[in-house]
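Numbering (my numbering), first residue to last: 1 to 391.
Note that these hints are calculated values from the structure, not bench results. Be a bit skeptical, because a hint or two may be false.
[Stated by the list, open to error] BS3-like, lysine-lysine: derived pairs with alpha carbons at most 27 Å apart:
(1) Lys61 - Lys89
(2) Lys281 - Lys89
(3) Lys182 - Lys281
(4) Lys281 - Lys61
(5) Lys98 - Lys281
(6) Lys89 - Lys57
(7) Lys57 - Lys122
(8) Lys281 - Lys57
(9) Lys61 - Lys98
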Amino acid sequence: MASLPTSDEILASLRGVVDPELGADIVELGMARSATVSEAGEAVVVVALTTAGCPLKAQLKREILTRIEGLPGVTSASIDWVEMDAEQKAAAMDVARKHAQSTAGPNRVPPGARVLAIASGKGGVGKSSVTANLAAALADRGFAVGVIDADIWGFSIPRMLGVEGRLEATTGPNDDRTIIPKSIPIGTGRLDVVSMGLLVDDETDALMWRGLILNRAVQHFLEDVAWASDLDYIVIDLPPGTGDVQMGLARMLPQAEMIVVTTPAVGAQRVATRAVTMARKSHLHVLGVIENMSAFTCEHGHTHAVFGEGGGAALAQSEGLPLLGCIPLEPAVSQGGDTGAPIVLTEGEASSALRAITDRLVTELAPPISMSGCSARMLDAALAALDATDA
Numbered sequence: 001m002a003s004l005p006t007s008d009e010i011l012a013s014l015r016g017v018v019d020p021e022l023g024a025d026i027v028e029l030g031m032a033r034s035a036t037v038s039e040a041g042e043a044v045v046v047v048a049l050t051t052a053g054c055p056l057k058a059q060l061k062r063e064i065l066t067r068i069e070g071l072p073g074v075t076s077a078s079i080d081w082v083e084m085d086a087e088q089k090a091a092a093m094d095v096a097r098k099h100a101q102s103t104a105g106p107n108r109v110p111p112g113a114r115v116l117a118i119a120s121g122k123g124g125v126g127k128s129s130v131t132a133n134l135a136a137a138l139a140d141r142g143f144a145v146g147v148i149d150a151d152i153w154g155f156s157i158p159r160m161l162g163v164e165g166r167l168e169a170t171t172g173p174n175d176d177r178t179i180i181p182k183s184i185p186i187g188t189g190r191l192d193v194v195s196m197g198l199l200v201d202d203e204t205d206a207l208m209w210r211g212l213i214l215n216r217a218v219q220h221f222l223e224d225v226a227w228a229s230d231l232d233y234i235v236i237d238l239p240p241g242t243g244d245v246q247m248g249l250a251r252m253l254p255q256a257e258m259i260v261v262t263t264p265a266v267g268a269q270r271v272a273t274r275a276v277t278m279a280r281k282s283h284l285h286v287l288g289v290i291e292n293m294s295a296f297t298c299e300h301g302h303t304h305a306v307f308g309e310g311g312g313a314a315l316a317q318s319e320g321l322p323l324l325g326c327i328p329l330e331p332a333v334s335q336g337g338d339t340g341a342p343i344v345l346t347e348g349e350a351s352s353a354l355r356a357i358t359d360r361l362v363t364e365l366a367p368p369i370s371m372s373g374c375s376a377r378m379l380d381a382a383l384a385a386l387d388a389t390d391a
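Build out the structure end to end from the sequences listed, making use of the hints.
Given below as structure tokens:
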């Protein structure tokens with residue numbers, strides 16, 4: 001008679017069962033909790049799902065039972081299903097993200113740069129405006145910030161940041177050509193910008209590209225741009241929706257963290273939920289929600305909820321995310337975008353809201369991975385100022 005397998009041996013056999021959505025085995029993910037086997041060879045394994053209604057439950061069941069029933073001495077196998085709590089789900093997602101990062105392809109994004117992807121469920125919610133202003137606010141605080149305009153069809157970042165000219169390329173020692181981002185100083189920091197808008201002859205040129213070509217364009221921005229090693233942040237303006245570019249970015253840059261922009265309108269909020277769902281299915285960490293185009297205050301001091309109320313708070317609450325802030329509706333925001341002068345560098349309610357969001361990101365939710373680079377640059381700037389004074 002074959003000896004019975006131990007609990008550890010049963011769990012070891014389940015390392016071959018990979019959750020197809022999370023991309024790691026169910027033991028590593030903490031889904032396979034425990035295993036027992038009776039003297040009669042009846043094996044029981046406890047498996048925790050991220051959600052009780054998991055659509056992959058039947059597939060996982062077949063693979064689990066097949067592996068356990070194949071062990072010597074096992075006469076039957078069964079599964080006790082349980083559901084993960086919030087802490088266990090977070091731990092499983094952390095494992096999935098680390099696994100995705102270890103299998104991601106090579107790129108030129110500096111390992112010390114924190115990547116913030118600005119997303120929306122639909123167009124017209126001011127996502128690009130938020131991207132441009134957050135990037136400018138970070139630079140104004142002394143950070144070196146890369147900006148990727150991944151909205152390949154609807155590029156607008158160059159105009160909003162006042163960046164002009166065409167991107168140039170340089171040839172390295174191995175005859176490999178790399179793209180040089182357009183760099184502009186802001187405050188004590190700088191922005192390094194790449195966009196299709198800096199590659200076309202005219203801003204009004206239409207790019208009639210399909211999914212694979214769009215994805216390849218974003219890949220070029222990650223693999224073929226000579227990003228400076230001292231970048232503290234990279235801010236990415238994603239196209240609206242949940243298409244090829246978003247999925248490609250999640251695959252190529254799994255360390256990216258997403259911020260979802262919506263308006264107060266209920267319809268926009270519900271569509272934005274899809275962006276959160278896509279991020280989580282792609283193992284991207286969602287930092288929070290920004291409500292843009294909140295109430296408008298007229299010159300008489302009256303407040304008007306032009307686009308409705310509560311969409312940002314409702315999205316944050318329903319998805320268990322922090323509401324990072326609400327940006328009021330101000331004509332100056334649009335004017336700043338049209339003239340290449342980000343509103344966050346001026347004074348006003350919208351500027352204050354954007355700066356408060358930036359402060360929360362830097363100090364709480366997404367602090368720079370290493371402060372040494374930024375501190376060193378600020379020290380260099382201070383010493384240079386002293387030298388200039390002495391001279």
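Outcome of the hint check:
Between Lys61 and Lys89 the CA atoms are separated by roughly 19 Å; this keeps the pair inside 27 Å, and the hint holds. For the hint linking Lys281 to Lys89, the alpha-carbon distance of about 12 Å falls within 27 Å, and the restraint holds. As the CA atoms of Lys182 and Lys281 are separated by approximately 33 Å, the hinted pair breaks the 27 Å bound. Of the supplied pair hints, the one linking Lys281 and Lys61 holds, its CA atoms being roughly 21 Å apart against a limit of 27 Å.
Taken as a hint, the Lys98 and Lys281 pair is honoured in the structure, with Cα atoms around 14 Å apart against an allowance of 27 Å. Simply put, Lys89 and Lys57 have alpha-carbon atoms about 16 Å apart, close enough for the 27 Å limit, and the pair holds. Annotation: proposed proximity of Lys57 to Lys122 is violated, straight-line Cα distance about 32 Å (limit 27 Å). With a C-alpha separation of about 16 Å, the suggested pair Lys281 and Lys57 falls inside the 27 Å cut-off, and the hint holds.
A hinted pair counts as satisfied when its Cα atoms are at most 27 Å apart, and Lys61 with Lys98 qualifies at roughly 25 Å.
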